Every structure is written in structure tokens, then in C-alpha cells.
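*Asks:* Residues per chain are reported as follows:
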Amino acid sequence: MRENDPSSKNKVGEIKEDEVKKIMKVKIETRGVVLKTDGEYILEKEGEKGLKQLEAELKRLGHPIKYREIETMAFYPAGLRALSLLAIKKTFNFDDEKIQEMGVVATKKSLIIKLFIRYFLSVQKVFFEEAPRIWQKHWTKGILTPLKLNEEKKYAILKLENFDLHPLYCSVYLPGYFSGILQMLIKTNKITAQETKCSFRGDEYHEYLLKWL
Amino acid sequence: MAVRETKKEKISILLEDLASLESYARDLFGFFPNPVLLVSSSGIILEANPAFEKITGHKTEEIVGRPIEDFFEKEKMATLVEKSLSKGHIGGEEINLFDKNKNALPVSVSTMLRKNESGEVVGFFLGLFDLTNSKKAEENLRNAQAALTNILEDAEEARARAEEEKNKTRAIILNFTDGILVFNEKNRLALINPSAERLLNIKAKNIMNGSISELNNFSGLEPLTKALGTKFEEIFRKEISIKNDLILELSTVPVMVNKDKRLGTLVILHDVSRDKIIERMKSEFVSLAAHQLRTPLSAIKWTMKMLMEGDLGPISKEQREFIEKTYHSNERMIGLINDLLDLTRIEEGRYLYKPALSNFELMVEYVVNSYKEEAAKKKIKLEFKKTEGKLPSVRLDAEKIKLAIQNLIDNAVKYTPSGGLVTISLNYDKDKVELSVQDNGVGIPEDQQKRVFSKFFRGANVMRLDTEGSGLGLFITKNIIEAHGGKIWFESAKDRGSTFHFTLPVKTEFESFLKEF
Numbered sequence: 011m012r013e014n015d016p017s018s019k020n021k022v023g024e025i026k027e028d029e030v031k032k033i034m035k036v037k038i039e040t041r042g043v044v045l046k047t048d049g050e051y052i053l054e055k056e057g058e059k060g061l062k063q064l065e066a067e068l069k070r071l072g073h074p075i076k077y078r079e080i081e082t083m084a085f086y087p088a089g090l091r092a093l094s095l096l097a098i099k100k101t102f103n104f105d106d107e108k109i110q111e112m113g114v115v116a117t118k119k120s121l122i123i124k125l126f127i128r129y130f131l132s133v134q135k136v137f138f139e140e141a142p143r144i145w146q147k148h149w150t151k152g153i154l155t156p157l158k159l160n161e162e163k164k165y166a167i168l169k170l171e172n173f174d175l176h177p178l179y180c181s182v183y184l185p186g187y188f189s190g191i192l193q194m195l196i197k198t199n200k201i202t203a204q205e206t207k208c209s210f211r212g213d214e215y216h217e218y219l220l221k222w223l
Numbered sequence: 008m009a010v011r012e013t014k015k016e017k018i019s020i021l022l023e024d025l026a027s028l029e030s031y032a033r034d035l036f037g038f039f040p041n042p043v044l045l046v047s048s049s050g051i052i053l054e055a056n057p058a059f060e061k062i063t064g065h066k067t068e069e070i071v072g073r074p075i076e077d078f079f080e081k082e083k084m085a086t087l088v089e090k091s092l093s094k095g096h097i098g099g100e101e102i103n104l105f106d107k108n109k110n111a112l113p114v115s116v117s118t119m120l121r122k123n124e125s126g127e128v129v130g131f132f133l134g135l136f137d138l139t140n141s142k143k144a145e146e147n148l149r150n151a152q153a154a155l156t157n158i159l160e161d162a163e164e165a166r167a168r169a170e171e172e173k174n175k176t177r178a179i180i181l182n183f184t185d186g187i188l189v190f191n192e193k194n195r196l197a198l199i200n201p202s203a204e205r206l207l208n209i210k211a212k213n214i215m216n217g218s219i220s221e222l223n224n225f226s227g228l229e230p231l232t233k234a235l236g237t238k239f240e241e242i243f244r245k246e247i248s249i250k251n252d253l254i255l256e257l258s259t260v261p262v263m264v265n266k267d268k269r270l271g272t273l274v275i276l277h278d279v280s281r282d283k284i285i286e287r288m289k290s291e292f293v294s295l296a297a298h299q300l301r302t303p304l305s306a307i308k309w310t311m312k313m314l315m316e317g318d319l320g321p322i323s324k325e326q327r328e329f330i331e332k333t334y335h336s337n338e339r340m341i342g343l344i345n346d347l348l349d350l351t352r353i354e355e356g357r358y359l360y361k362p363a364l365s366n367f368e369l370m371v372e373y374v375v376n377s378y379k380e381e382a383a384k385k386k387i388k389l390e391f392k393k394t395e396g397k398l399p400s401v402r403l404d405a406e407k408i409k410l411a412i413q414n415l416i417d418n419a420v421k422y423t424p425s426g427g428l429v430t431i432s433l434n435y436d437k438d439k440v441e442l443s444v445q446d447n448g449v450g451i452p453e454d455q456q457k458r459v460f461s462k463f464f465r466g467a468n469v470m471r472l473d474t475e476g477s478g479l480g481l482f483i484t485k486n487i488i489e490a491h492g493g494k495i496w497f498e499s500a501k502d503r504g505s506t507f508h509f510t511l512p513v514k515t516e517f518e519s520f521l522k523e524f
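So the sequence lines, in the order shown, correspond to chains X and Z.
Going letter by letter, the first sequence gives residues 11 to 223 in the numbering used here.
Going letter by letter, the second sequence gives residues 8 to 524 in the numbering used here.
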């Protein structure tokens, strides 16, 4: 089993120093909003005490984050985004379902998504025109490309290239995030999103299959 | 290099401005007290402000991404969405919003389209105004209005009923055969019915609103005004003579509200002229018949007496017994005739007593002694209990008082069986003397006690005993005692006996004594 194998997602153990160093070496930057939505989620679910616990864990890892001081539109090291998720999972013993829910909730509170709402005219437009732009607004690296959209058969495939941050993010959090956006486009109670290809599993890129009923 | 630094600085400034703008937008959105939603053109909620979260009880993540119809009456909201998209806006449409607990909250909806820079419709803003309080106020107002309407209807109904009652009462009063006059709280005449007009020979229009003193000026009304007085004290069946052959029975009743507020006085005039004429004719007939009967009965009495005393020659023992029985029967008939004559005198108002200061005790003793022989014959013990001190002299008509005492003792002896006891007691205080006649005889049944002092009353139990009596004794006795200003009463229990009492006033004041003469 590789170090970053997604199958490790069910294990909540100590975050190793080597792993932290490796994550923090990733040369990508992200908008503060992704960290901000993490902090807001924890504050709501675990309260002030929970938020302090989380900040203490990050401090212990050597990369303290003051969530309230994060600037929504500023750029931060992408490693912090991955560390934030790992610390949350470890501190609160969150399972994958909970991490995925964080992704869904983030879309509903994200300022960047709010800025894009004015372009949410149709599923087609959002997929083929706005999705790549939304990615670019968040990250300094990686290309999000829509591969297929079949509204009749109710599925879509997205491709994410050149983006290797952490499996917890790409395999668990991100499918939730895509689901959240899709909820704002399609009137349905049932949306599923899963990563069908992953660069951490030896694939060339990440691929996501989104389905709805 | 300097250029790059400048660009970085510019970007930094822009980011700061953006953060400020975000903070401002967030604060403004959060502050806004009315619920606001941003809805996509496909009807999905893209944004909700805290006021919407508060009113529904849902969190943002439970709201954003859900169809707008999930929170409202589906069909009505679908129409409103369609209307908003086609017209560009709607305003003040009422709809029910459902909160997390499925409670319906009345809200007013306004919408406004949102377009992007290309002019394409990206959705619409939807603002809500919570109508719960205004609906409640409206409902309260409606309830109050309904209650007020009910009250008004009730009041109108009550007024109509009161009016109807008033008309009925008025009709009754106007058509009443008795004369009715109503005086208001200021003792002025407020109503007079046609019967009263006829009886008093006066027109209502001439005397309406008149006071007693003003009514006194009208001829023929004087007996009425004199009887009423200025204070309108209660009167019960007082006879007044308006003119020859017109005798009215006058009664007054205070018209009260809540027992303590006097609204006026009701005066009732009942024409008893015909009754009086019949009564007088009856009395005259009885008087005439009694007088006519008494003369031959007296002749029979003296003839019997002469026979018994042998003035008309010797008679055998057997003849004497027959004559004695006839004599006693004749005596009873004379007694009955005398009672009837007393009755007619009482009814004609001719039973006036002739008072004189008398020794009441001696008078009682005299009557008691006259019954000793009869009591002894019946083996009844007759006791006379005098007072320890000396009784004061009492002004009385000796003949009538003797008759009253005689009637009471006679009844006691008559209705007490052999071996019984009759006790006559005297008592007095500074105001009155009292006589009590107690027996342990048959008593008076409770259901008949109210009629004891009525004319011709005889108890059902004594009638079965085959005793003699006219039923006039107690009526005459009561009239005698009351004519002296005294009182008479009794206690009785069937088969246990009766006690009759009467009192006579003792007048000590010389002036009051003189007034009587």
C-alpha cells in the first residue's frame, strides 16, 4: 500500500512529520476561502471549543492556522488546505462521509461560488464554460476539464489534471464539492459523485463521475 | 522589477478592497431583517440570508441547492416563479412559507430579476415579509369586529326584546281592568291607564307629570292623594272612597332595581264597589234574618223557662228533660244568631268598642269561673295562673273583651277531651298585658293553621268530633283584639293541644289616653 493510498482514508492515526513536510512541499497555492469554509464548518458543528482544538492540532503540526484571520481572496500554500482536512479528520474522528459533506457545505457558503452564481444559467454553461474558470479562481495549478455531459442520461464526467495534493482532498472532499455545485444547477434529491481515476493510484489524471436521478 | 512590485501592491490593494467588500456585503446581508433568497432561473435556491434561516429554522446548507417550492405552497410558488421570470418582478403576493416543523407562516413575497452583464436572466431575488403578526392582528381585529358585531346584535336583540316587553307591559297596563298609576323616582306621575282615568274621572293629558300636591288640586283625587301621602309608603289593599258607591282598594308597590335603587312607585286601584254592595246586602240580610230570628227565639226561651220553673203548671220529670234539652238547643241558636250579628257589625264597621279603664284580671277570672262547672262536667282541670304583681289597668271594652276571652276558653274546653287540662295564664310588662289559654286537646292540623282566624273556619279534626260551633268565634276574637290595638297569635300541634295568646296595650301617657276620647 502506498503512503498516499486512498484506502488509508479510514484510518485516523497520528499525522507523521514526514507526511506534513511532504504535503507542505507541494508548490501550489489556493484561495483563503477553502480554509475559511473549513473553519466555519467546524465552528458550526463542534463549536468554539472544537475550533480551538483544531487550531491547536495545526499548531502542534508546526503550521498554525487562525481560521478567523484567513483572508477569503488571498492565496495560501495548498499544503495548508490538505493539512487542515487531515487535522479535522484526526481531531474529530470524521469519517469520509463527513469530509464529503464538508465539500458540499463549502459550495453553499463559498464567496467564490457566490461570485459565479451569476453565470449559473444552465448545466451546460457551468460545465463547459465556468467549471475550468472556477478551478482557476481557486488554485494556481491544475486544469479542470469537462469530458462529457449527458443531461438525458443524467451524468457528467470531469477531468482534473496536473494536481497532486492529497488523496483525502481529491478522493473524498472534492467529490462532495462537485455535488454541491451540481445541487445548485439541477432540481434533484439524489446526486452522487465519485473519483473514478486518481493520480495517486497511478492514473494519469483524476476523473470524476457525477450522476443524478 | 519596480513595475512588478507595483502590480503586486495593486493586487494587494484590490484583494483588501475585495475582502472589505465581502465583509460589507456579508454584514448587510446578515443585518437585513427580512428574509431574502437568491433563486436561479430554474427555481433552485442559490443564496439565503440569516433572516430566512431564522424564520424557517433551517441552516444555509439545508436551504441552498434546494428547489424553492420545497419551502412554500408548491403550486402557488411555481406560479409566482413563472410570473417573476415573465414579468420581471412581483410585489406583495401572499403565500404560506413552511418552516422546519412544517408550520405554515403567512408571508408576502416580492421578487426582482437578476441579470448578468450580457442581460441574461440568471435568476431572481425573492424578498419575504412575515405576515404572522399582521395576520394575527388582522385576525384579532376580525375577532374583535365579530365580537363587537355580536355585542351590537345582542344589544339590538335585547333592545328589541326590551321594546317588545315594554309594549307588552304597556298593553297589559293599558288594558288592565284595575286602575294603574306609575310615579317616577321624582314622585311625578309617569303613566296612567284608561281604567284609572275612568275610575278617577280624569284625563291623562291633564295630570301627566304632576306631583302629588299638584294632583291634589283636581277634584275627586283628594282621597287618593291623601292616602298616598308625599312619601309613597307601601300600602296594601287600603279602602278609599272616591265618591258615593265608588270604593277602591288601593295598593302601592315600589318599583325597584337591584333591591336598592327605587325607580318609582306603582299604584294599583281595584274597584271593590260591587263587592262592597254585595257584602253590605249580605250583611243586611244576615242582620235582618238574625234580628227576625232572635225575637221568636227569645219568646221560645222565656216560654221554656216558664215551663221549667212551673209557672204554667206542674210538669213530669220526663217532660222536664225534654224541655231542658229544647231550652239548651234554643240557647245555642241564640248564641249563633248573636255571633252572626257580631259578624255583620264587624263587616259593616259598626263593631266599635267603647273603652274604659278596667281591671283585666277580674274580668278574666269572671270568665274562667263561668266555665268551671262545664269543665268539671267534662272532667277537665281548669287552672288560672295569675301574676304575682298587680296587673295595670287597661282601657278596654269590657263586653267585647269578655267575649274574646270566653271564645278562647270555650274552644279550649270544647276541644279538650275528658281528663285534660286547660290553663289560663296572665302576664304583663310595662307596655302590654298578655293572656294565654293553653290546652292539651286535639290541636289544629298544620296545613289548616293559616286559616284559623278566617270566617267560618272549623278544623277538619274537630268537625269529625261532632262538636258544636259556628266557626266565627276566633274571627270575632281577632277583630276585638285588633280593634283594641292588640295582637293575637297561637301555637298548635295536632293531637297535642293549642295555646292562644293575645296582648292588649297599656296606655300610660295621659295625653294618649285623652286622644282616645
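Keep in mind the hints are simulated off the structure, nothing from the lab.
Note that the structure is predicted; figures quoted are calculated from it, not measured.
A virtual CB, placed ideally from N, CA and C, is assigned to each residue, including glycine.
One or more hints might be untrue.
What the hints assert, rightly or not - Straight-line distance between alpha carbons at most 30 Å, and here's what the computed DSS-like set of lysine-lysine pairs gives:
{"hint": "1", "chain 1": "Z", "residue 1": "Lys245", "chain 2": "Z", "residue 2": "Lys210"}
{"hint": "2", "chain 1": "X", "residue 1": "Lys200", "chain 2": "X", "residue 2": "Lys221"}
{"hint": "3", "chain 1": "X", "residue 1": "Lys151", "chain 2": "Z", "residue 2": "Lys109"}
{"hint": "4", "chain 1": "X", "residue 1": "Lys37", "chain 2": "Z", "residue 2": "Lys462"}
{"hint": "5", "chain 1": "Z", "residue 1": "Lys210", "chain 2": "Z", "residue 2": "Lys233"}
{"hint": "6", "chain 1": "Z", "residue 1": "Lys462", "chain 2": "Z", "residue 2": "Lys250"}
{"hint": "7", "chain 1": "X", "residue 1": "Lys76", "chain 2": "Z", "residue 2": "Lys15"}
{"hint": "8", "chain 1": "Z", "residue 1": "Lys107", "chain 2": "Z", "residue 2": "Lys142"}
{"hint": "9", "chain 1": "Z", "residue 1": "Lys81", "chain 2": "X", "residue 2": "Lys135"}
{"hint": "10", "chain 1": "Z", "residue 1": "Lys462", "chain 2": "X", "residue 2": "Lys135"}
{"hint": "11", "chain 1": "X", "residue 1": "Lys147", "chain 2": "X", "residue 2": "Lys158"}
{"hint": "12", "chain 1": "X", "residue 1": "Lys158", "chain 2": "Z", "residue 2": "Lys94"}
Said to hold, decoys possible - Here are some chain X residues the structure puts well away from chain Z; computed CB gaps all over 12 Å:
{"hint": "13", "residue": "Glu54"}
{"hint": "14", "residue": "Glu65"}
{"hint": "15", "residue": "Glu111"}
{"hint": "16", "residue": "Gly152"}
{"hint": "17", "residue": "Phe173"}
{"hint": "18", "residue": "Gln193"}
{"hint": "19", "residue": "Leu195"}
{"hint": "20", "residue": "Leu223"}
*Asks:* Does the claim that X:Glu111 lies off the interface hold, with its Cβ farther than 12 Å from every Cβ of chain Z?
*Replies:* Given that some Cβ of chain Z is not farther than 12 Å from that of X:Glu111, nearest at about 8 Å, it is violated.
*Asks:* Please verify whether X:Lys76 and Z:Lys15 have alpha carbons no more than 30 Å apart.
*Replies:* 24 Å, holds
*Asks:* Taking the minimum C-beta separation from X:Phe173 to chain Z, is that value above 12 Å?
*Replies:* 23 Å, holds
*Asks:* Taking 30 Å as the top limit, are the C-alpha atoms of X:Lys37 and Z:Lys462 close enough?
*Replies:* With Cα atoms ~135 Å apart, X:Lys37 and Z:Lys462 exceed 30 Å; violated.
*Asks:* Run the distance test for Z:Lys81 versus X:Lys135: straight-line Cα separation, threshold 30 Å.
*Replies:* 28 Å, holds
*Asks:* Please verify whether X:Lys158 and Z:Lys94 have alpha carbons no more than 30 Å apart.
*Replies:* 35 Å, violated
*Asks:* Below or equal to 30 Å on CA atoms is what counts here, so check X:Lys147 against X:Lys158.
*Replies:* 22 Å, holds
*Asks:* Checking one constraint from the list: CA of Z:Lys107 to CA of Z:Lys142, max 30 Å. Satisfied?
*Replies:* 20 Å, holds
*Asks:* Need the status of pair X:Lys151, Z:Lys109: alpha-carbon distance at most 30 Å?
*Replies:* At roughly 46 Å apart (the allowed maximum being 30 Å), Z:Lys109 and X:Lys151 break the hint.
*Asks:* Do the alpha carbons of Z:Lys462 and Z:Lys250 lie within 30 Å of each other, as the hint requires?
*Replies:* 29 Å, holds
*Asks:* With a cut-off of 30 Å on the C-alpha distance, tell me whether Z:Lys462 and X:Lys135 pass.
*Replies:* Distance ~121 Å between Z:Lys462 and X:Lys135 Cα, so the pair is violated.
*Asks:* For X:Gln193, is the shortest beta carbon distance to chain Z beyond 12 Å?
*Replies:* 3 Å, violated
Of the numbered hints given earlier, the model fails hints 3, 4, 10, 12, 13, 15, 18 and 19; all others are met.
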